[in-house]
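Listed here are the chains, written in short residue letters.
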Amino acid sequence: TQLLEQSPQFLSIQEGENLTVYCNSSSVFSSLQWYRQEPGEGPVLLVTVVTGGEVKKLKRLTFQFGDARKDSSLHITAAQPGDTGLYLCAGASGSARQLTFGSGTQLTVLP
Amino acid sequence: DAGVTQSPTHLIKTRGQQVTLRCSPISGHKSVSWYQQVLGQGPQFIFQYYEKEERGRGNFPDRFSARQFPNYSSELNVNALLLGDSALYLCASGVPPGAGGYTFGSGTRLTVV
Numbered sequence: 001t002q003l004l005e006q007s008p009q010f011l012s013i014q015e016g017e018n019l020t021v022y023c024n025s026s027s028v029f030s031s032l033q034w035y036r037q038e039p040g041e042g043p044v045l046l047v048t049v050v051t052g053g054e055v056k057k058l059k060r061l062t063f064q065f066g067d068a069r070k071d072s073s074l075h076i077t078a079a080q081p082g083d084t085g086l087y088l089c090a091g092a093s094g095s096a097r098q099l100t101f102g103s104g105t106q107l108t109v110l111p
Numbered sequence: 112d113a114g115v116t117q118s119p120t121h122l123i124k125t126r127g128q129q130v131t132l133r134c135s136p137i138s139g140h141k142s143v144s145w146y147q148q149v150l151g152q153g154p155q156f157i158f159q160y161y162e163k164e165e166r167g168r169g170n171f172p173d174r175f176s177a178r179q180f181p182n183y184s185s186e187l188n189v190n191a192l193l194l195g196d197s198a199l200y201l202c203a204s205g206v207p208p209g210a211g212g213y214t215f216g217s218g219t220r221l222t223v224v
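Protein chains in written order, with the working numbering: chain A, 1 to 111; chain B, 112 to 224.
Think of the hints as simulated: they come from the structure by calculation, not from any bench. Each hint should be verified, as a subset may be incorrect.
What the hints assert, rightly or not - Derived DSS-like pairs: lysine-lysine, alpha-carbon spacing no greater than 30 Å straight-line:
(1) B:LYS141 - A:LYS70
(2) A:LYS70 - A:LYS57
(3) A:LYS70 - A:LYS59
(4) B:LYS163 - A:LYS56
(5) A:LYS56 - A:LYS70
(6) B:LYS124 - B:LYS163
Kindly produce the complete structure, drawing on both the sequences and the hints.
Here you go:
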């Protein structure tokens, strides 16, 4: 069974601070995706990383895929209250490219 | 353009009953996946269908079944409902499975009492 461990589980910070969320596994994934989920809604895709060592930037968000394609991180610079939400990492594997999700990081950015 | 649509949005069922959840993928998407998200956890993979064929099945009991129709919409059926089946059921669509990530619907909130 493939597992993705996400940390921290909860994070509460002040507006303007930086933060990093980690996603670790003992399994290799063909790709790793990061999603953000609001209450009562489905997850919304932020980014897909495919190549080991890949770094992608999306405005204030920086995503990194580990060299061995087993781990990933999400770094947010100068967090804003609008960044509040549940951040989920998900690894794709198998011929069906099914997703294995981490348990999520609930981020709260206080004004 | 319409995103992934799921119906109903909420429903309440009694233990032992059966339920059918429906999903329409984004136009042009031929892959539909179903996930179960229990409160406080990440979604868990249930099924994936591509071109009307089952391509993957997660670790769920046989009470869970699904199918995909010629128009690529899909239904998820759950028989003999248990209290533990209470969850948000999410449908995700993609062009080939997984390519470029998935688009999720808003889900169906199932409560079993």
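Hint check:
1. Between B:LYS141 and A:LYS70 the CA atoms are separated by roughly 29 Å; this keeps the pair inside 30 Å, and the hint holds.
2. Distance hint between A:LYS70 and A:LYS57 is fulfilled; the C-alpha atoms sit about 19 Å from each other, no more than 30 Å.
3. Proximity of A:LYS70 to A:LYS59 is assessed by CA-CA distance (about 24 Å); at most 30 Å being required, the pair is judged to hold.
4. A C-alpha spacing of about 34 Å is found between B:LYS163 and A:LYS56, which places the hinted pair above 30 Å, so the restraint is violated.
5. A threshold of 30 Å between alpha carbons decides the hint, and for A:LYS56 with A:LYS70 the separation of about 16 Å falls inside it, so the pair holds.
6. For the hint linking B:LYS124 to B:LYS163, the alpha-carbon distance of about 28 Å falls within 30 Å, and the restraint holds.
Hint violations for this structure: number 4 only, all remaining hints satisfied.
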